[in-house]
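**Student:** Sequence:
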Amino acid sequence: MPMLRDILQGSVAMLNNYNLCHMKTINWDEIITGPNSQFLYVYNFTLPERECPPCDKSCEKGCWGEGSENCQRFSKVNCSPQCSDGRCFGPKPRECCHLFCAGGCTGPKQSDCLACRNFYDDGVCTQECPQMQLYNPITYSWETNPLGKYAYGATCVKNCPEHLLKDSGACVRSCPSKKKAVNGECVPCDGPCPKMCEGQHIIHSGNIDSFKDCTVIEGFILILDQSFEGYQQVYSNYSFGERYQKMHPDRLEVFSTLKEVTGYISIQGSHPDFTNLSYFRNLEVIGGRTLTEYFASLYIVKTSLKSLGLQSLKKIHSGSIAILENKELCYAQGVDWKRIKKSGEHGLMLQNNKLYEDCVRDKQVCDEQCTKEGCWGPGPDQCLSCANYEFNNTCLQDCGAGMYKATQKLCLSCHAECASTCKGPGPGNCSRCKNVRDGPFCVPFCPVSKYNRNGICEPCHANCLYGCRGPENTI
Numbered sequence: 001m002p003m004l005r006d007i008l009q010g011s012v013a014m015l016n017n018y019n020l021c022h023m024k025t026i027n028w029d030e031i032i033t034g035p036n037s038q039f040l041y042v043y044n045f046t047l048p049e050r051e052c053p054p055c056d057k058s059c060e061k062g063c064w065g066e067g068s069e070n071c072q073r074f075s076k077v078n079c080s081p082q083c084s085d086g087r088c089f090g091p092k093p094r095e096c097c098h099l100f101c102a103g104g105c106t107g108p109k110q111s112d113c114l115a116c117r118n119f120y121d122d123g124v125c126t127q128e129c130p131q132m133q134l135y136n137p138i139t140y141s142w143e144t145n146p147l148g149k150y151a152y153g154a155t156c157v158k159n160c161p162e163h164l165l166k167d168s169g170a171c172v173r174s175c176p177s178k179k180k181a182v183n184g185e186c187v188p189c190d191g192p193c194p195k196m197c198e199g200q201h202i203i204h205s206g207n208i209d210s211f212k213d214c215t216v217i218e219g220f221i222l223i224l225d226q227s228f229e230g231y232q233q234v235y236s237n238y239s240f241g242e243r244y245q246k247m248h249p250d251r252l253e254v255f256s257t258l259k260e261v262t263g264y265i266s267i268q269g270s271h272p273d274f275t276n277l278s279y280f281r282n283l284e285v286i287g288g289r290t291l292t293e294y295f296a297s298l299y300i301v302k303t304s305l306k307s308l309g310l311q312s313l314k315k316i317h318s319g320s321i322a323i324l325e326n327k328e329l330c331y332a333q334g335v336d337w338k339r340i341k342k343s344g345e346h347g348l349m350l351q352n353n354k355l356y357e358d359c360v361r362d363k364q365v366c367d368e369q370c371t372k373e374g375c376w377g378p379g380p381d382q383c384l385s386c387a388n389y390e391f392n393n394t395c396l397q398d399c400g401a402g403m404y405k406a407t408q409k410l411c412l413s414c415h416a417e418c419a420s421t422c423k424g425p426g427p428g429n430c431s432r433c434k435n436v437r438d439g440p441f442c443v444p445f446c447p448v449s450k451y452n453r454n455g456i457c458e459p460c461h462a463n464c465l466y467g468c469r470g471p472e473n474t475i
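Residue numbering for the sequence shown follows the UniProt record's numbering, starting at 1 and increasing by one per position.
Derived from the structure by calculation, the hints contain no laboratory data.
Note that the coordinates shown come from a computational prediction; the quantities given were computed from them, not determined experimentally.
Among the clues, some could well be false.
Subject to a maximum C-alpha distance of 30 Å in a straight line, what follows is the list of computed DSSO-like cross-link-like pairs (lysine-lysine) [what the hints assert, rightly or not]: (1) Lys178 <-> Lys212; (2) Lys342 <-> Lys195; (3) Lys363 <-> Lys179; (4) Lys178 <-> Lys166; (5) Lys315 <-> Lys405; (6) Lys315 <-> Lys342; (7) Lys354 <-> Lys259; (8) Lys212 <-> Lys158; (9) Lys166 <-> Lys195; (10) Lys179 <-> Lys195; (11) Lys327 <-> Lys338; (12) Lys259 <-> Lys302; (13) Lys57 <-> Lys92; (14) Lys212 <-> Lys315; (15) Lys92 <-> Lys109; (16) Lys315 <-> Lys363; (17) Lys354 <-> Lys302; (18) Lys180 <-> Lys195; (19) Lys24 <-> Lys61; (20) Lys179 <-> Lys166; (21) Lys409 <-> Lys423; (22) Lys314 <-> Lys302; (23) Lys423 <-> Lys405; (24) Lys259 <-> Lys180; (25) Lys338 <-> Lys372; (26) Lys178 <-> Lys259; (27) Lys246 <-> Lys212; (28) Lys180 <-> Lys315; (29) Lys354 <-> Lys314; (30) Lys195 <-> Lys315; (31) Lys372 <-> Lys259; (32) Lys314 <-> Lys342; (33) Lys372 <-> Lys342; (34) Lys409 <-> Lys434; (35) Lys180 <-> Lys212; (36) Lys166 <-> Lys212; (37) Lys409 <-> Lys363.
Pair ranges (Cβ atoms, derived) [unchecked claim]: (38) Ser141 <-> Gly206: 49 to 57 Å; (39) Arg94 <-> Ser141: 38 to 46 Å; (40) Met23 <-> His163: 34 to 42 Å.
Beta carbons are placed, not taken as given, at the ideal position from N, Cα and C, and that holds for glycine.
Please model the entire structure based on the sequences and the hints provided.
**Tutor:** This is the structure:
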C-alpha cells in the first residue's frame, strides 16, 4: 500500500497475521493523524513470526513490500517545526503544505495538495464548500449565493446527483426527521411528516399502535363497542382467531396526527371516558371513496359522545352524514354542515341526540366567541368561525401581547426574536429585540463579520477574517 499517506481518523490494528511482512518497518506516526489514534500490533501464536526479506536499499526507512516502488514516502515526520502538525514537501521552514492538505503536497498552495483534509472544490482543498447563502451587510439579510455548492461526500458540487436529495448544503440519500422531500430537496414538514397507512379493520388494542404518526389513512376507521371491550377475531369459516385485550379510549390519541381519511369514519362505540373525538382534532378531510351502510362517510350512532371535537374538519367530499341516537351529544345540531359537505346531493341526518333544551340547561353550548355557524364542542378553540379575532385556531375578543393584527379577523404571533410586542410580521417590526439587533432586524446572534455591542451588531475591523469580539484589529 505505498500510496497510503494519511489516516485522518481512527486507529490501526493488526492481529495475528502470520504471513504479513514489513508492517513493523512502517513509521505509523507518519500516517496516523487522528487525535488519540494509535497503531496496535499483536502476534501471540506459538510459532515464531515469518522471516521477511529486507526493504529495498533505496528506501529511506520502512517499506510496504519488496522493491523500490514499495518504499514508504514521508511528508510529516521529516518536516520543519514551522509546519506544526501539518505536512510538507521538503525539510525547509518555507516548504510546508497548506493546512487543508492531507497526505502531503507538491507545493505550498491549496491546489498543490495530494488529497484534501476536508473538501475538494474544483482543484482546490477547502475547509468547507461555498455556502448556499451569504450575508448581505447592506440589506442585513441572507441571500442566495450564485457560487454556492453542495457537499457530495468530500467533494463540492454545483448540483447533487439525481438519485440524491439536497439538504442544508449537502447531498443526502434520505431526508432527516421532521423533513420531507419536495422537488429533490428536503424541506421542513408542516406538522407531522406525511405517512400513509391502511385502514381495513375494526380498531382494537392489537392494531392501534400501527397507526402511530399516520397522516393519511387509505380506507376507513371503524370504532365499535368491541374496540373498548376486547375484540374477538372470527374467520370466514366461523373459527375463532386471536382474542384482543380491552382498550382504553385514550389510546385513540395515536390518531392526533391524522389529516385525511380516504374512505369513511364509523363510530358506534361507548365507554365512560369516550366523550369526544378530540383524538381526531387535526383531521381535515373525509374522502368518502368508500361508504359505510352504502351511504355514509361520517357515521356516528349510539355512542357515549358529548361533543364531536372535530375542530379541523374542513371537507367531506362524498357520502352522507348520519349522527343518530347519541343520548349525551350536544353541539352537532348547531354546526353549519353546508360548510363541510362538498355536495348538496348527500344527505344530513341528525336525529335522537340530546335535546337542545337540555344542552342549554347543562351549559353545553358554543362559546360566546363563536359565530352562528356553530362549534364542535365547548371552548373558544371549537368554533367553526370567530365572531372577533382568531389566533392559532382559537377565537379571541382581541389580539393580546406578543401578537399583531394581520387582518380584521386574524391575530398572528410576533417574530420569535421580538422581546414582547411588534407592529407587524418579521424580525424588522419588533418593538424590542430578545437578543441583538442587526440594522433594522432582530436576530439571535450577530453575523460572523460583526460583534455584539450592547445588543447592537457592529462591523468588525476590515482586517478581521473569521469574526471578532470588538472593533480593533488585534487578536
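**Student:** For the pair supplied as a hint, Lys315 and Lys342, is the alpha-carbon distance within the 30 Å limit?
**Tutor:** It holds: about 6 Å lies between the C-alpha atoms, which stays within 30 Å.
**Student:** Quickly compare the C-alpha distance for Lys180 and Lys315 to 30 Å and report which way the hint goes.
**Tutor:** Within the cut-off at roughly 25 Å; holds.
**Student:** Given the hinted pair Lys180 and Lys212, is their alpha-carbon gap at most 30 Å?
**Tutor:** With a Cα-Cα distance of about 17 Å, the restraint between Lys180 and Lys212 holds, given a limit of 30 Å.
**Student:** Does Lys327 pair with Lys338 here, judged by a C-alpha cut-off of 30 Å?
**Tutor:** Between Lys327 and Lys338 the Cα gap is close to 24 Å, so the pair holds against 30 Å.
**Student:** Take a quick look at whether Lys24 and Lys61 sit within 30 Å of each other, Cα to Cα.
**Tutor:** With a Cα-Cα distance of about 11 Å, the restraint between Lys24 and Lys61 holds, given a limit of 30 Å.
**Student:** Take the C-alpha atoms of Lys409 and Lys363, compute the straight-line distance between them, and say whether it is at most 30 Å.
**Tutor:** Answer holds: Lys409 to Lys363 is near 27 Å, not above 30 Å.
**Student:** Regarding Ser141 and Gly206, is the given constraint of 49 to 57 Å on their beta-carbon distance met?
**Tutor:** holds (54 Å)
**Student:** Taking only the CA atoms, is the gap from Lys314 to Lys342 under or equal to 30 Å?
**Tutor:** Holds. Lys314 to Lys342 sits at ~10 Å (cutoff 30 Å).
**Student:** Starting from Lys259, check that the Cα of Lys180 is at most 30 Å away, please.
**Tutor:** Given pair Lys259, Lys180 holds - Cα atoms ~16 Å apart, limit 30 Å.
**Student:** Run the distance test for Lys57 versus Lys92: straight-line Cα separation, threshold 30 Å.
**Tutor:** holds (25 Å)
**Student:** Given the hint that Lys372 pairs with Lys259, does the C-alpha gap stay at or below 30 Å?
**Tutor:** holds (26 Å)
**Student:** Does Lys180 pair with Lys195 here, judged by a C-alpha cut-off of 30 Å?
**Tutor:** holds (10 Å)
Of the numbered hints stated above, those contradicted by the structure are hints 3 and 8, listed in ascending order.
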